[in-house]
Every structure is written in structure tokens, then in C-alpha cells.
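K.L.:
One line per chain: the protein sequences are W and S, in this order. For the first sequence, this note's numbering begins at 1 and goes up steadily by one. For the second sequence, this note's numbering begins at 1 and goes up steadily by one.
Warning: the hint list may mix true and false statements.
[Said to hold, decoys possible] Label-pair distances were calculated between CB atoms; the ranges are:
#, chain 1, residue 1, chain 2, residue 2, range
1, W, Thr171, S, Glu920, 52 to 60 Å
2, S, Val365, W, Glu173, 52 to 60 Å
3, S, Ile517, W, Glu173, 52 to 60 Å
4, S, Leu444, W, Thr171, 38 to 46 Å
5, S, Pro401, W, Glu452, 53 to 61 Å
6, W, Thr28, S, Phe984, 34 to 42 Å
7, W, Ala459, S, Gln290, 47 to 55 Å
[To be verified] Every beta carbon over 12 Å from chain W, so not counted as near; a handful from chain S, in silico:
#, residue
8, Glu269
9, Glu418
10, Phe423
11, Gln487
12, Met620
13, Leu700
14, Phe731
15, Pro822
Simulated from the structure, these hints should not be mistaken for laboratory data. Each residue gets a CB set at the ideal place from its N, CA and C atoms; glycine is no exception.
If you want the building blocks of each chain, they are given just below.
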Amino acid sequence: MKKISIYIALLGIIMSSCEDFLTIAPETSLSSATFYKTETDFQQAVNAAYAPLRTITNDRSWLLTEMRSDNTIYARNINFGATEQQEDLSDHSLPDAQGITTNVHVLNQYRQDYLIIARTNQILTLIDDVEFNQAAKDNLKGQTLFLRGYAYYELARYFGSVPLHLEPVTTREEAALPLAPESEVYAQIISDIQAAINLLPIRSQQGVGRASKGSAQMLLADVFITQKRWAEAETLLKAIVNSGEYELIPNYEDVFSESVGNKNTKESLFEIQYLEGPQGLQSSFLYSFMPRPISLQELQPITGTSNPQPLDGEGNNIPTPDMIAAYEDGDLRKDASIAYVEISGSDRADKVYPYIKKYAKHHALHGNHGINWPIYRYAEVLLFLAEALNEQGKTTEAAGHLNTIRSRAGLANTTASSQADMREAIFKERRVELAFENKRWFDITRADRVQEIIGAFGARALANPLDYYYPAGATFRSIAFTNITKFYLLPAAEAELTPHF
Amino acid sequence: MNGNHYLKIGSKTLFLTMFALLLAYGSQAQSTISGVVRSEGDKETIPGVSVLVKGTTRGSVTDLDGRFELNASPGETLSVSYIGYTTKEVPVQTGLTSYDIVLTSSMSDLTEVVVVGYGSQLKKEITGAVQTIAGDDLIDIPVPLMAQKLQGQLAGVQINQTTGQPGRGMNVRIRGQLSVSAGSEPLYVVDGFPITGDISTLNPDEIQDITVLKDAASTSLYGSRAANGVVLITTKRGKAGQSSVSLNVYRGIQNVPHYNRLEMMDAVEFAQFKKEYFEDAGRPVPAMFQNPSQYEGQTQDWYDALLQTSPISNYSLTINNNTEKMRTSIVAGFFDQEGVVLNTDYERFSLRINSDFKASDKLTVGFNLAPTYIRDNIPRTDGSRGTGILFNALHTWPNMPIYDDNGELTYFNRFPSETGNIFAYPNYVRSALEITNETKETNLLSNAYVQYQPIEGLEFKSTVNAEIRNDRFFYFNPSTATPGMNQAIPTVARSTRDDREIFSWLNENTVTYTKSINDHNFQLLGGFTNQYFRLDRTQVVGDTYADDRLPTIQGALNISRGSTISDVQEWSLTSFLSRLTYNYQGKYLLTASIRADGSSRFGSENRWGLFPSVSAGWVMSDEGFLSTSDKVSFMKMRGSYGVTGNNNIGNYTQYALVNNTVNHVFNNTVVPGAAVTSLQNPFLGWETTHQFDIGLDLGLFDDRIQFVYDFYTKNTTNLLYNVQIPQEAGFGSITDNIGEIKFWGHEFSITTRNTQGKLLWTTNANISFNRNEVIELAEGIDRVYGSHHITQVGQPFGQFYGLRKLGNYMNEEDLNSSPQVPGRSRVGSIKLEDINGDGIITIGGNNDDRTIIGNPFPDFTYGITNNFKYGKWDMNIITSGSHGNQLYMLHLFSTANLDGVFNMVRKATDRFRSPEDPGEGIFGTTVGGGNVTGIERDWANSNFVWDASFLSIKNITLGFNAGAIANVVKSARFYASVQNVFIFTPYWGGPNPEVSQQGNGQGDGGNLSPGLDLTGYPVPRTFTVGANFTF
């Protein structure tokens, strides 16, 4: 019996240490309970809030905007199936049913934007509870608000009305919110970016590549232009011009990022950053933009890699004949933006295809480059300013800014003098100056010219499939250009999970 | 101690001493009697038989010649018992001093003692649903894994070999248990130690017996790990009085039979197909295909080129050295299997030493030590286009050369694009030969125990168990080889190193008190246990090598940061357990038990789980009204109810994890980034299963027919599930305990001794019907999708889901009068059912026409084992089968790609070509390209779903008992065995109807997608000859 009591005593000792024995926190990752405590934690959190932008611009912005417009199209490789996710976007035949769409690119765009929003909400909720240097905190908050505003602006332009999350979700019940009216979303966007402008340092005092005051001013100007709030846009744009932080690079060809060099130049207000190499931070969009099937011998001169691999499948974001024709004679930007490649594997009699040259910069290894993606350039500041001025009747002042852009392109001054002609001249100038920078589609939507421009473009394409890269005997699907809309429908996969749409 | 000394004279010396002592107590009337014990049928003598004088402590054990000697008086009764034989009672007669006793063999003797959780019990008194198999019954079956040997032999246990990869791929499901995302493999307990790793490291020759615990009453002492059932494995231990050396050897060859391979087009058929493809499309036929007959005799069978006939061999040496104080059993094993796919192999070195030392009458200590080393190499044979060499080889064009003109293996093949060849096909024979995909595993399983009996009936036991494992995985593909599709050679050389170190310990402390008061028999068990597990893992992935001969880490030009992992996984478990067993006269039986489990895996607000059970039995044949019946020899009713858990929910699932590798870059400089990547759930807990079981054990005609029936019903609630949430939240899911699945089923097994006498024929048969239904999922969610599956409330789990095929559009009229896929359907393309009646065919979205199109689970599974003994000959035939299960022939998305991109199944020769030539109806028109053929290929539909019922003759063994050979070999047995003799099945999609690409029960998230066929590694047919010698 004595032994039994020893046993029981032992049992008691072991029981009391139970809770310690049973509490094991993960050793190789942090948990929310231990993070968000220091300035460094918040720096890392803000860095991570930028990260989805890499995916967005590398993988699909160009699908949802440029290839949606009349600037580019896919080049059909009839040996390939299962390409409808891209084709449906490009030839305006997205399946829609009861207000939602199953298109995977639409879904992923939506989800990536909300990833930015969730990360920024997490920061904004917690950062004020932690004491650290005020200037550093303001800068981090400013970047965070800029990113949240940017993400909601993307959503507002793609979808119009979306759920408005401003607090981090912590439970299942909080996950789904009702759709906020477009006006409410825009009010939040403006308030976020305005706050960011007040908090952010100017470019020269900001970390290179991060959102600065100028980036935020430009983003807000963009929002105002979309909303046709011309005077407010003019004020912001002039503040950028007058800041002296930015200038045009003399030679258009030199404007664009290379794989390693020529990043975050004086012309750049904001660009998405990539890094060539094995760190997993690379871009690869150049490969998406190649006509296919392309052999390694045909690809190598374009990419300059030491280990080229052939590419199969279907080519995307191929400049349309309309785009090529949009350049005036003598426009230096044409050759800087578009080049041609002959691919022997093509089923077409004419095996020569145009491709986007702007981003065709040499790099070391196949499928891995560090080319940055431009979001806002100083050239667009000037074109926006011209537009804002012209819309307020200051057409002459507008012409000056437009001509600055034209002269760099080797073109004579504009002949437009009426407000309407000037509007059209700026619209055309934006197309060529900002070709393949994902601007065209939103230029068309905010001008409310979707049916007019895309309708006509579709009719031309359907009538001449050979010109739009179909091989002889093949043509567009019967559903092509049957569903031309300004907004994308909300994604079906999300609709299944929320009671609100 | 001198072992040899005891080996020779141990038993006699021991027992003579004992008898001398016993004599002192005995009555004067006792006299020495002797005898020999033989087995019925072959009349061989049996060593090790226990001979007891009933009602006394006097007894003996037969020696190696089957002889015994003891003191007994006339009028007393000898009770003669041995495992596997019916106990016989022999009255001692006046004047008779020599006895010749014959024992009748019995498949499952009710006096047999069965190992149960934390103890053992008389089989007769068991109140739960358990089944036992002796290791020796499995020894002839020439396969490396225990689970392979058990196929077809257990009622209620479905064991599928999902791939033929040597040493891998067994999927064991007890009573159809499954879960949405937690693991479904049973808990394996080796000598009382619930192991954390893979049971496949165990050499099956070490197994004494296997007990499968099926109902909650038997398993609930394993608490939060018991819901999937428990398999108790007892390894060989020395038995008192027996010392022996035995050697078990077999060698054989394996091959892949031709009769059930997937039939692909030969070069002529393929060229003909391509020719027709271009003609039907109105396009010019490429020169290569204008004259298909030019390929007569030129077929390159890429699949066959990957196969070989290969050797298999197994050696195990068992030494038992037993003395009064020390009993030791040693099993040393070497298993070596070369795979039937080139460059695949598996080898296992194993050793086990089990020792028990009786320090005094009250104190026993013991230890087990079992080191194992396993090395295997399987160069990415299974999987889809990205990774599966076999799958890729199957659909490589049959006119692509395996060898070039110089007889060297080609590197890759690609014809000009106008032939429709849009992919580069690496030479997969080269891939198999040059790719390394090797695992080296060192495993050390050890147990030690102390057992102390201070007074009679009271026993303390403490055990310390440890499992140490080291896995080293190495993958390398040189620049000349890749398992993937569409990669030109040279490709990028890649290497992966994944090293894991696992350490787990368990301390268990139990006290058992056994007491009988009159006819009331009690046993009370109490205990507490602690277990801890830690895994340290490092993975390094490198690519782009300067030299293929040096696949070192430093030789890689790139170390892939994104794939580099260092990880620690830990868990701990503390438990308290108790069981009360009571019976009255061995007739009315009652057991109640409870376990409390606290686990680090459970959320801080939900740390402890309670798992109670109760069971009762009634041995009706002991009642007066039945005991006189000469037909019913045994009858027992039993019932049980209990609660068990499944804690395979991940180690850190409850935490909101911050991923600190969400890095970004500014101006070419990497900056560290961190983000919350999961939501926390402090209430996270185990999955709970409530199970009710009722059973009947029946013995008829002196146990010549033994019958066991069980009905069970169980409800698994609190299913661990990643509840999807709208990603506007920034997260895809939260892990929560939700929903309920109901399972129920019937199990029958019957053992009959069909003939006795010269020819001894016994049959073991079992059949099981397992069903399930999803009762509830998360609030607001009535369905969860798998890859081609749906799990829906009110339906069975994991059903195939897609569009229902009605046929092909036979002509214009048919097309115009039927619902179509807008812009895609045409004459000859697949005609699908418009389930929602809206006039068009849609997949997904709100106008979805998908419906349930098949069931991967069988209506019933069964097994029949026939055993024949005739004189010195014996023969064993094992069959197992499954009926009503379907497979999703997923590989058709490639092997029946109507765009002529790949080589195709032969059946596609007979496809729809025109209204006049509509074909067999399985495959549609090739005209219209991907826009048309993509429906049939890319949309999940019933054309992929095929009956995969099967009856498989798993094993036939013919043996010959040669008896003693000279003075060296005490007994010898020789046998020949064929494994995987033949499979009868209507399934045509590949050689293995048990295949499953996903849902292997490892909690891989594939649970929702069972029954996918991507043509894995074929299961070989194996011919072996073997011998067992006892020295």
C-alpha cells in the first residue's frame, strides 16, 4: 500500500506539469500572439502588404486590362485546347450567369486585392497601439493606406461595388460583408489616399521603390480623373510637377526597366518591383507575351538567356493590327514598343508575329527576370494634367503638356485646338505613349466608350480572323464579342461562399 | 549465463526441478506418467504443448519430440493445450502410464488468449469486435509489407494496394472510416507502443500475431487516436521451455502480366488515327501519317520498355533461447526486391531482439530492440504529366524511337509542329534509368518494461518506449532526363535533399488488480501515460548543375530559396486511463473503460478529451438451455458502445501563424516581409466518433463451423475541416470542427473445417458491407468539392461529380433537338444531360448541370481463404474482392485526348467519325479541335467513370513438410508461391483496380478525392520458392 501512495504522489507531480507539457508553440513560425510588437515587425508587415502586387502585375493585370482592350489579343495556337480562360477575356465572351463569372483570372485578381486589404487592415488596426518613432510610424501608415487605397481602386474599377473590409477578420462570422455601393468604396479610397499623402515623405526622402507622397498624389489624381473631378486632379498633378522630384527621360526607349538596371528612374512615380534570381521575387511576364510555339533558337535572341527552353501553348498579349496602326508615322515609340519574331512552329502561312518589345530585356536564366512593371510615370502625369486642363476649358495650356510628350516621341505639335479635338488627341496619345502599360482599358471605360470602341474592334476582328493571328481555316468562336461590358462580374467561387452576392 | 548450455538441457532440467518441488506437495498416490502429443492429420509430434493436471498447479510442456512427463493420479484429468489447436482433456486411468494424445487443429480456439489494449483476455470473454491473425499464417506470402499480407483476410477492413511501388502504397481502412481532412489510417501499436511513423518499416517475419480492434469498446483505451481503429502487433517473444533456431528463406521473380495492361494504340493504329484526324478536319495529312501501314512492326512500346522481370528474395533467421529466468527471441531479416519498373528497388535489413528477464517471482524486466534500415529508389514512376514516368510513357507516340540508329537511348523526341506534335517527349526509359529518387531510412524502435507483482493479483507495470528515425531523401535528375512531359533535353538538372529526424518517446505506467470472489471475477486497470514527438526537417533544393556527375548542393548554381525548408514539428500527449472488467462465471461479461487525453494539438480552450466505453457479453452456450445441444458448441452475444477520437489534425492548426517569408524587393534589394497566413482557433479539437456495435459469435458442430457477425453504426462529429470562407477576408479558410458523417455496416466471417481426417480442408470467408452518409457539414455549406468529386449532405462521402454523358450527338437532327454547350457542341461531340433543364449545358456557376456520376466505394468487399492439408502437403489459396466500386479513369484526359496530341487508348480507334460511322459510343469526334473535344476531355463527366469491381486471386501456395532431415534439421518445409495470380475485373483502364491517386488516408487533403486512376506503378505477379527450416 505504501507503494501505491508513492505512485499516487508521482502521479500528482506529473499532473501538475501537464499544462506545460501540453503547450507547444510552433518553433519555426511566428504566431499572431508574438508578432506586431515592434517597429521591425511593422516594417515587415508593410513589406508583405506590397507582395501581392508582384503576382497581380506579373500574372494577370495585363489579361484583365490590356488584352481586354483593342491593344492586344491572344494568338490562337489551334493545337492547344483549354485556353478559354484567357480567350474569354480577350474576345469578350466571358460566361456569366446570374451576375457572377467563373473566370479564374477575375477570381484571382479579386483575391489578390483582398490579400493586400487584409494585410493593410491588420497593420492599421494594431500600429497605433505600439510605441515607436513617430516619423517612421507615419511613413509606414502612409504606405499602408496607399496600398489599401490602391487595392480598393483596382476593385472599384474592375467590379464597381464590392465588400468594404476595414478591420481584420478574426472569425468565420466576420468573413463575408455585404457589397458596399461604388460611391462608398470611392469615398474610402479617397479618404485613404488623402491620409497617405499627408503622411508620406516625398520621393527623395523615401526608400527607393516605396510609395512616396508623389505616388499617392498621382494615385488620387487618377481616382479624381476617373470621377471627372478635374479641378481636384489638376491641383494634385500640379503639385507633382512643382515638386521637382520627377522629369522625363529624354529617350523613350530608355524609360523602361531592365532586368537589373534602370529601375525607379526620375520618370517613375510608382512601379512594381521584381528581382532577377533564385529568391522567388522574379517576374516572368515577358514569357507570357511571346507568340507560341516558339523554339529556343527563336526565343533566345529576345531573352538573351543562357538556357533557353521552347515555349508551348498559346501566345497572349500580342499587339493587334489596330495598335500597330495607331502610331503616327515617325513615332519613335513604335519601334521601342513593338518588334517582330518569326516562329517556324506556327500553323499560319505568315509565321511572323509582333510582340511587346518594351519589356524584352535580356536576363540570365530562362523564365526568371527582374523587369519592373511601370504603374505611374511622369509622362502620364503630364497627359493627365493636359486632360484635366482641357476638360476645364484650358485647352491651350493642355496642348503644351501634350506637346512635351509628342516632342520626345519625335512628333510635331498637336494640331488639335478645340476642346473636343484635344480630348481625342490626348486619348490617342495615351494609347501610344502608355501602350502595354495596362492603361487603355480604363481609358475606354472611364470615357464610357466600351461599346463603341470594342464593338468596332470586334467586328473588324471577326471579319478578318487571319489578321488577328488565326491560321487559315480557323476563326473565332461563335461566342466571341457577344458579351462586351464595362465591369467584370463578381467571381463565382466567392459567390458560393458569401450570402451577399 | 551460458546460453548454449540452457539451449540443450534447459527444458528438461527446469521441469525436473519443478516436478521435484511439486512432489513435495503432492499426494502419495501420484505416479509418473508420460506421453507424446501429435497433431491430427499429419501425426507430427508437437513441441511446446502445455499439459496440465486440471485443478492443480502441476504441469509440463512437451519437448522437441513432443514428449512430456509428469506426476498424476488416476481420476485426475490432463488438460492439453496449444495455440492453434482445440484443448483436449484426457482422464488419467489406473495402470496406464503412457498416453498418445492427438490434438485437433482449430482456427480460432476460444481458450486462446488474445492481446487487447493494455492487456490480454481470453477470447471467449471478449466483448468487443476484434480479430486476430497469427504471424506464422502469413509467412509464405512473398511481399514486404504486413498490410499486403493481410489483404482479403479481415472482415470490415478494406486494404487496397494503390500502387505497386516496392514497399509502398498500402491503404488500410477499418470499417470504412474516413474524414474530410484528418488522416484515416488506423493506429498501429507495436508491443504496446503506438508508433508515430510508418508500419511499413516492420519486418513481417517478426510478427507473432496481429489483433485488429474494430469497435469503440476495444479501441477507446487509445482515446483520441482510436477512431480509425487500432492494429495491435505483438512481436515474437520466447516461450517458456522452447529453444530453437529457424530459418525462413524465399526467392522468386516478378513480372507484369500482359492480360490486364492498358491497351494503347500501336504505331499503325496511331498513324491511322492521325490520318483520319486530319482528313476529318479537312486538313492536309502530314507525310508522316499518309501511309500508316509503313509502321507495321515498328511500334515502340514505351510502357513495356520501362518494365523488367526482376528478382525478389527474403531471408529471416529466428533464434529463441529460453531459460527459466531469461527468454530471448531474435529475428534477423533481409528483404531485397528489385522492382518491375527499371531502376526501382527496395531493400530492408532488420533485426529484433526481444528479451524478458525474470528477476524473481515478483519482478520481471524486459526490453525490445528493433533496428531497421530501408533503402529504396523509385524514380518518379507515379503521377500525372508533371511527375509520372509511367503515365508519360504510356501516351508517348508509338512511332517515336526509343533507341537511335546507333542503339543508344534517344534523349527526346519531337516531330515537326504540323504533325500536331506540340510537346517534346523526353525518353522516359532514360528518365527511369538516370533519375535518382532514393529514400534511406534508419529506424530504431525500442521498449523496456518493469513488471512487479507485490501480492497475487496486483501488478504494476512501467514501460519506456522510444522511436528514433532518420529519413534521408535524395532526388536528382540530370540535365539529360526528366520525369515530366514537354521538356526538351537538355533540361535543368535538379536536386532535392530532404532529411528528417524523428524522435518520439512514450512512458506508460499501469496497475492491474485481478480478483475472483466466488464466481465473480474482476479486473481493474488504471494508468497514466505521456508521449512526445519531435520532427526536425531540412530540405534543400538546388538546380542548374555544371556537371551531372556531381549533384552536390555546392555543385548547384541555384539554391532555390522558395523550396528550402527547415521545419520542426512537435506534439505531446498526456493520458489517464482506466478499465474495469467483470464477469460472472465467465458467462455474463461486462467491460467499462475510459481514457482522458490532453494534447498539445488541441486549442487552449479545449485541451482535454474524454473517451468512455462500455460493453457486455453473454455466453449463451454456457446456459443450461444450450449447453446440452450437440449442434451449438459455442454462442455469445455481445454489444458495445463507446467514444473515440481522431487527433490527426496537424500540430499547430490552432494557431494564427505569421509567415515571415512573404518577402518583397525594392530596387533589387530583398526586404523581409511577414503576414498572418491563417486564422487562430483556440477551440480546435479532435474528431469524435460514437460507435455502437452488436455481435454474435457462434460455433456449430463442435466448432467445425465458426461464425462471427457484427453490425456497427458510428457517427463521426466535429470533423476537422478547413471551412472555406470568402477570400475577401484575406484568408481562404479557417480550420474548425464541424459536421457529421454516419457510418454503418455489417461484417460476416465464417470459418469451416470442411473435411477432417487425411484431407484437412478449412475455409475462411468474410464479407463486409460498409456504408456512409454525410449528415451535416458547416453551417450554410451543403457540399464540399474534391478534384472530380462532391461530398454533399444526404449523400455518401466523396462521390464522383460531373456531367452525365448521354452519348454523342448522332446527327444534325439530334444536335438541333438537344441541349448543347453554346458555341462548342457539334455533330459527334459528347452529348450531356441538361440536369437543370435550362436548355443549355453548363459546368459550374449557377446554371450548373453537374450531378453525382459514380461512387468510388464498394457495395461490399470480401475475402476467401482455402487451406488444404493432405499428409505432408499443404495448399493455401487467398482471394479478395470488391464489388460495386467505380474508378475515375482520370488518365483519359491525356490518353484519350482527341486532338491527337498524345498516343491514345486503343478504344479510341472506334470513335465517332460520321453519322454513318458513329463508333462504339465511348469517344466522340475529333473535328473542331479543343473547343469541341475539350468538353469531353476537360469537363468532368461520366465517360471517365467505370466499374472497378474485382476478384483477385492474391496468393496460391503449395507446401511440403519434409519433417526432420538427418540430425541437423528438426523440421523442414518447402513451398512454392504465386502472388497476384489473376484479377477478374471489367475495369479496362489499367492493371490495378485498387489504384487510387489521392486519398491515401495520410491527411493529405486528398481525402475528398478517392478513386482516381492515373495509371500508377503496376502490381507485379510474383513467383517464389521458399523453405522454412527449424534446427
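K.L.:
Quick check: which numbered hints come out false for this structure?
P.N.:
Violated: hints 6, 7, 9, 10, 11, 14, 15.
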